[in-house]
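Colleague: Given only the sequences and the hints, what does the whole structure look like? Please build it.
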Amino acid sequence: MVTEFPTPVWVRGEVSGYRRTSGGAVFFRLADPEVEGAALDVGGRGIVMADVERVLAATGLGGLRDGVEIRIRGTVGVNARNSQIRLSLLEIDPTFIAGRLAMERAQVLARLSADGALGANRSIPLPLVPLRIGLVTSRGSAAHGDFTDQLRRSGYRFSIKTAHTSVQGETAPARIAAGVGRFRSESVDMIAIVRGGGSKLDLAVFDTEIVARAIAATPVPVLTGIGHDMDRTIADEAAALAEKTPSAAGEWLVSRVAEFAGRLDRARALIGREGREALRRHHHRIRVVRADVAGAAVTLRRQEDHLHRLGVDLAGASRRVVERHRVGLETLRHWFSAIDLEPTLKRGFAIVTDADRGTVIKSIAQVSPGDRLSVRLADGTVVVEVRDK
Amino acid sequence: MSEDLTYGEALAELRAIHARLSAEDVDVDRLLEDVQRAATLLDFCQKRITAVGEQLEEVLADFDDPAAQGS
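Chains as they are written, first to last, in numbering that gives the first Met the number 0: chain D, 0 to 388; chain S, 0 to 70.
Be a bit skeptical, because a hint or two may be false.
[Unchecked claim] Each pair of labels, with its calculated beta carbon distance range:
#, chain 1, residue 1, chain 2, residue 2, range
1, S, E8, D, G379, 29 to 35 Å
2, D, Q365, S, E53, 15 to 21 Å
3, D, T358, S, D42, 37 to 43 Å
4, D, G379, S, D26, 16 to 22 Å
Keep in mind that the hints were calculated from the coordinates and are not lab data. Yeah, the Cβ is synthetic: ideal placement off N, Cα and C, and Gly gets one too.
Modeller: Now the structure itself:
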């Protein structure tokens, strides 16, 4: 038996031990995070919870869970059996949750801006060919599938290393930060953090300082694809590049690689064109040189002909010189053989000369009796005296 | 012939003897000597010109035979 105080009261605190029965009733503890031991058990009947969840959904905040700070109104009751006090939930103040989130976000942003952490990852140049991807996501989620499908369909050889991590719950921020940190020591070109759409409360993990600091400390550019329509998360602010969905993040990577591939194709085409042109020029040069060589060959042949003719002329001329001398010598031989007196003397003729003067006696008029004459015969000379005339 | 004689000198001497013996008053005493000398010179010149002719043909054979060129 529970006795309830009729006047409802507003209380605030952090949810813990959240559980929901099959009938839709909800039980949790509401604690003051700043005062140890200050806690209140809260229960919400199914019919009330349906209202509460509708209100939260309408403002984009998502469902209640552990770790969320809330402000609620309810009636206080005391259980007579065990003297436990319990608050019966009547309504929730959605603006309080939104305000808390906004305030926390603003505080985190201010701290990150103060030491330059927000710009750290953005100042890293984006890779030209981001093919090796370190992926931080929840295993088997739609975000995981959408992102990897984009890369696979592109046909480019992406290699994806995945750090699977839960993206919900109190431990989610630390696990996401650890996932990002893991790729610091691996050879990846970019790190992608992807998460499907969710409520503000779902996405609050990406507004945490630990995630933002993990991104800032990474030497590799981080790409986010966190599904949301409203404000950018702090993770988006800290990342080198933020896309609105996991698919868009995948598309960006594909188009980045495609752009480089296009440049490669154009360069290849240019090299091909230049190469062919150079080849054509060389062919032309070879043709010119070949023509020159052919011309030189003709000149050479002419020179050869000329030399040959010179040789023939020289042969003729030199033969003629030798022949002329042979004939000349022959003529001289005949002439000398004609005047050789020896055969004549042998036949009995003699040559008579004046023995004293040595002149040849050709006429009797040249001699007188008493003259001494020299008579030359074939085998010698005798001197005789003229007796008569 | 013991002396070193060129073809040109031999021919010049032959021509001198020829001129001498062609004159009106031939020195008969020198006649025989001259004729004998002429015969010697003729032999020398004949041998020279034959040798030159043969050598010339050898050289000209190389001229005409392309296979001998550049070898």
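Colleague: Now tell me if each hint is right for this structure.
Modeller: Against the structure, the hints:
1. The hint said 29 to 35 Å for the Cβ distance between E8(S) and G379(D), and at roughly 33 Å that hint holds.
2. Between Q365(D) and E53(S) the beta carbon distance is about 52 Å. The supplied range of 15 to 21 Å is therefore violated.
3. Range check, T358(D) to D42(S): Cβ separation about 32 Å, and the 37 to 43 Å hint is violated.
4. The hint said 16 to 22 Å for the Cβ distance between G379(D) and D26(S), and at roughly 19 Å that hint holds.
Hint compliance for this structure: hints 2, 3 are broken, all remaining hints hold.
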